[in-house]
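Residue numbers (this note's numbering), protein chains in the order written: chain A, 1 to 367; chain B, 368 to 645; chain C, 646 to 930.
Don't read these hints as lab results, they were simulated from the structure. Because the structure is a prediction, the values reported are computed rather than measured. Keep in mind that the hints are not guaranteed to be accurate.
Partner residues aside, some chain C positions facing chain B, computed with beta carbon under 10 Å [unchecked claim]: (1) Y705; (2) R743; (3) K792; (4) L797; (5) T868.
Glycine included, every Cβ here is placed at the ideal spot set by N, Cα and C.
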Amino acid sequence: MAQVRLENLWKVFNGKVEAVKGVTMTIPDKTVVCLLGPSGCGKTTVMRMIAGLETPTRGSVYFDDRDVTHLKPSERNVAMVFQFPAVYPHLNVLQNISFPLIAEGLSKAEVEQRVQEVALVLGLTDVLKEMPKALDTGSRQRVAIGRAIVRRPRVFIFDEPLSNIDPNVRVEMKSIIKQLSRDLGQTFIYVTHDQSEAMTLADQIAVMKDGELLQFDSPEEVYERPANTFVGWFLGNPGMNYVGAQVRDGGAGKIELFSDTFSLKVDAGKVAAGTAALSGRKVRIGIRPEHIRISREEQGGNWIKGQCALTEPMGAREIVHVRINGDQIRIKTLPTDVIREGDEVWVYFPEDHIRLFDADTGVRIGN
Amino acid sequence: MADTTRERGKVNVWGVLAAIITIAYSLPILWLVMTSFKSRIDIFAVPPKFIFRPTLTNYIYTINRGLFWGPLLNSVIMSVVSVLLAVALTIFAAYAISRFNVKGSQLIMFMVLSLRMMPAAVVVIPMFLLYRLLGLVNNYIGMILLYAMFSIPFSLWMLKGFIDEVPRQFDDAALADGASVLQVLRDVILPQLGPAIATVIIFNMIFVWNEFLFSYILTGVETRTIPVQIALGIYTDKGVDWEYVSALSTIYIVPIVIAVFALQKSLLRGMTFGTIRR
Amino acid sequence: MQERMKLPFLMPMLIFLFVWNILPLLWVVGLSFYQFSVLQGGIPRFLGLWNYISILEDPYFWERFRTTFSFVALAVSLELVIGFALGFLFNQKFPGKRIMLPIIFAPMIIAPVAAGVFFRFIYDPHWGVINYFLTKFFNIRLEFLEKADLALPAVAAVDIWMWSPFMMLMCLAGLQAVPQHLLEAAEIDRIPWFMRFRNIVLPHIRPVLVLAVLLRTIDAFKTFDIVFVMTGGGPGAATEVLPMSIYRQAFLFFRTGQASSLAVIVLFIAVAFTSIYLMMIPKEA
Chain A
1 MAQVRLENLW KVFNGKVEAV KGVTMTIPDK TVVCLLGPSG CGKTTVMRMI AGLETPTRGS
61 VYFDDRDVTH LKPSERNVAM VFQFPAVYPH LNVLQNISFP LIAEGLSKAE VEQRVQEVAL
121 VLGLTDVLKE MPKALDTGSR QRVAIGRAIV RRPRVFIFDE PLSNIDPNVR VEMKSIIKQL
181 SRDLGQTFIY VTHDQSEAMT LADQIAVMKD GELLQFDSPE EVYERPANTF VGWFLGNPGM
241 NYVGAQVRDG GAGKIELFSD TFSLKVDAGK VAAGTAALSG RKVRIGIRPE HIRISREEQG
301 GNWIKGQCAL TEPMGAREIV HVRINGDQIR IKTLPTDVIR EGDEVWVYFP EDHIRLFDAD
361 TGVRIGN
Chain B
368 MADTTRERGK VNVWGVLAAI ITIAYSLPIL WLVMTSFKSR IDIFAVPPKF IFRPTLTNYI
428 YTINRGLFWG PLLNSVIMSV VSVLLAVALT IFAAYAISRF NVKGSQLIMF MVLSLRMMPA
488 AVVVIPMFLL YRLLGLVNNY IGMILLYAMF SIPFSLWMLK GFIDEVPRQF DDAALADGAS
548 VLQVLRDVIL PQLGPAIATV IIFNMIFVWN EFLFSYILTG VETRTIPVQI ALGIYTDKGV
608 DWEYVSALST IYIVPIVIAV FALQKSLLRG MTFGTIRR
Chain C
646 MQERMKLPFL MPMLIFLFVW NILPLLWVVG LSFYQFSVLQ GGIPRFLGLW NYISILEDPY
706 FWERFRTTFS FVALAVSLEL VIGFALGFLF NQKFPGKRIM LPIIFAPMII APVAAGVFFR
766 FIYDPHWGVI NYFLTKFFNI RLEFLEKADL ALPAVAAVDI WMWSPFMMLM CLAGLQAVPQ
826 HLLEAAEIDR IPWFMRFRNI VLPHIRPVLV LAVLLRTIDA FKTFDIVFVM TGGGPGAATE
886 VLPMSIYRQA FLFFRTGQAS SLAVIVLFIA VAFTSIYLMM IPKEA
């Protein structure tokens with residue numbers, strides 16, 4: 001039961017590699033937070049500083065109001081599940097799970113009872129006597145999870161626990177972890193580079209890139225209102241599309257987004273607050289693939305003409321790549337055999353789903 | 368800020384301890400080197416002198432005492448020639464055992480390792496009889512052949528291990544292109560083994576360079592190597608000649624200390640005959 | 646088709662080894678059944694197993710086995726302890742390791758003759774540096790190499806100085822094979838250090854340590870050079886380990902036949918150790 005607070009956390013390796021650059025965030029008690037980002041973004045380093053496996057170069061870590069920056073991992077009462085199943089190879093499953101309890105000096109009966117409970121939840125009851133070598137990686141990771149939860153720590157930390165698990169077991173493991181995180185009602189910090197895992201599991205998602213925290217919000221907010229073009233692109237499959245444009249006043253509460261080949265008039269209140277400030281700026285129009293409408297016939301106002309560059313059948317869906325004025329966007333539609341490569345097409349961006357980003361900084365403008 | 372100092376302070380405790388132990392560990396060698404630069408009076412001074420005026424007298428004396436260039440040259444020639452001979456001979460056998468289906472290859476490897484593991488004192492009796500019979504005592508060819516024999520077991524174990532690590536696809540690809548086995552060995556395997564062969568050669572040279580018993584029993588004044596000269600040169604008419612021994616030993620261990628730095632990465636592998644590869 | 650190169654590749658080495666190494670060994674086995682002396686020459690007289698019997702019945706030789714055993718046990722056990730401690734120390738993170746490690750490793754490839762000669766100087770009762778400090782601080786003077794009960798430990802100390810780094814090297818290799826994430830997991834699981842050591846570290850490094858001890862045992866068993874230059878086997882026979890004994894019998898007393906049978910016994914012990922060693926090598930190593 002703990003709130004985890006990071007204050008201006010920095011980590012510099014060997015005096016030159018800046019792995020984490022001033023991360024500040026508060027992870028509320030009893031929430032599941034995913035640290036999400038591409039590999040090398042510093043998410044694992046942040047997590048290791050929370051666990052106490054790395055000491056921050058600058059900044060502090062608080063559990064509730066206690067400064068734990070300098071405490072050893074063992075003094076923080078956290079539990080961790082590693083990317084590679086951390087199962088002690090010379091102990092069997094039962095010994096593995098009970099190891100921390102025996103180390104704590106709990107009574108035999110208590111140890112027995114807790115281990116049985118955990119084994120039941122994780123479906124390990126039948127393999128308690130097995131050595132780790134005899135288990136597949138999925139089961140080994142379940143043993144590692146068992147050893148983590150059996151201690152009932154204040155904070156759980158999961159470091160990409162599914163990235164080395166067979167894909168066919170991964171879905172099942174994901175639901176086990178989801179269930180666990182709800183049942184335990186504890187603070188969960190889950191590190192992943194897989195946005196679908198983050199979307200499934202998280203109450204809140206923290207997106208990182210190049211050592212910086214870009215956005216920390218609910219999955220819906222992060223998905224619908226990405227803080228910048230990178231977040232929009234990184235979440236979603238495929239990610240958000242961007243089309244370059246300029247802004248000018250469209251009159252009657254509207255703004256006009258235009259380029260050499262198109263002109264969109266959209267409601268200024270819906271798309272961006274304060275038209276005056278926007279006029280004359282270069283922006284990138286962001287829109288998610290599933291929100292775009294596409295047609296082979298010219299439809300009139302606010303439809304943009306483009307050229308189909310590629311169609312990718314994806315089973316129940318199809319991804320159509322469309323070139324607009326030097327930008328290429330991807331559109332998720334129902335399968336269609338009407339549109340072929342090279343065809344002229346018209347696309348429509350619904351006002352409600354249009355997001356604007358600064359062309360230079362990539363930061364979102366307006367709502 | 369506080370945590371940085373803490374982290375650094377923690378690192379230092381181990382580092383300082385390790386530095387102290389490293390210095391303590393090198394004291395015998397340091398003392399040897401220091402002694403070699405002391406004058407005779409300083410060498411035998413009581414209390415021992417830790418600070419003194421260095422002099423090259425011992426080195427000049429050592430070079431002029433006689434039996435300096437001879438043993439030095441002998442040590443160099445014997446370690447270089449015998450090792451090259453052994454490696455050249457062994458590389459084919461190592462390739463054959465690594466790649467071909469050799470019956471009894473395990474037995475060969477075991478026997479060869481056993482030869483290496485047995486005390487030199489066991490072999491030296493018949494070697495002495497054999498060499499006396501063949502007239503090879505105090506003979507260059509005899510000593511070189513002896514040290515080649517001495518170097519084969521280590522070379523075979525190391526080279527086989529290294530060749531095992533070269534993927535067979537390389538051989539197969541070249542053979543499919545119509546290369547002969549000799550060409551495969553020369554153009555495909557050997558170029559990849561460059562550093563490995565250098566390692567094997569350096570290790571072997573050190574072993575031959577350090578060898579004492581065979582040289583002691585089988586050489587004469589003309590073919591004597593440095594270790595024997597160190598052991599025999601201690602005693603002179605005026606008693607134990609430390610000036611000579613310290614200077615000669617210092618000259619003698621210089622190439623070895625250089626070699627440790629060169630071999631750092633393969634030390635584990637070399638010292639375990641390639642049985643542990645990391 | 647390539648297989649026809651098998652013999653041309655293998656044979657030169659095998660023939661050379663046979664003539665230059667196996668044949669002499671067979672000769673030594675043969676000699677062990679004869680009475681023969683290099684000094685007197687003449688026709689060897691066949692004795693059957695008599696040489697062996699005389700060795701096994703002679704308390705003097707049993708004493709040599711004991712001396713050898715004491716030497717090996719003392720040297721290898723202390724090397725293990727010291728090497729282990731050094732291994733742990735150098736497994737920590739600190740700067741300057743790249744320079745320190747080769748310095749520590751250097752003794753193991755220095756010629757034993759040079760090390761032995763020089764330790765004689767250090768041990769010297771009159772102007773040796775150790776005795777200077779002993780006299781100064783404890784007012785005692787130890788004749789390390791002249792006293793029967795001190796000579797063997799004093800010689801073993803040189804072996805320990807030379808070879809503890811080897812144990813350390815092996816120990817480091819073992820420690821580096823312990824997966825880092827397991828140690829981190831144990832730290833997070835709040836496992837006390839001794840449980841961590843016993844259940845996680847030790848099982849990982851045990852195979853390497855077994856090999857290290859075996860290899861060192863074989864090597865210490867061969868020790869000759871150090872003993873030769875430091876004590877020549879003395880005082881009396883206090884440091885006369887088996888290889889030294891073979892040498893003395895063969896080249897000082899010229900009892901070639903008897904020395905050969907002692908050599909054969911030693912040969913068998915060495916081969917036995919070698920096969921144990923090979924059995925212990927982990928398949929994946």
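Evaluated hints:
1. Y705: Since the shortest Cβ distance to chain B is 17 Å, the answer is violated.
2. R743: 8 Å, holds
3. K792: 19 Å, violated
4. L797: At about 18 Å, which exceeds the 10 Å cut-off, the nearest Cβ of chain B leaves the hint on C:L797 violated.
5. T868: 8 Å, holds
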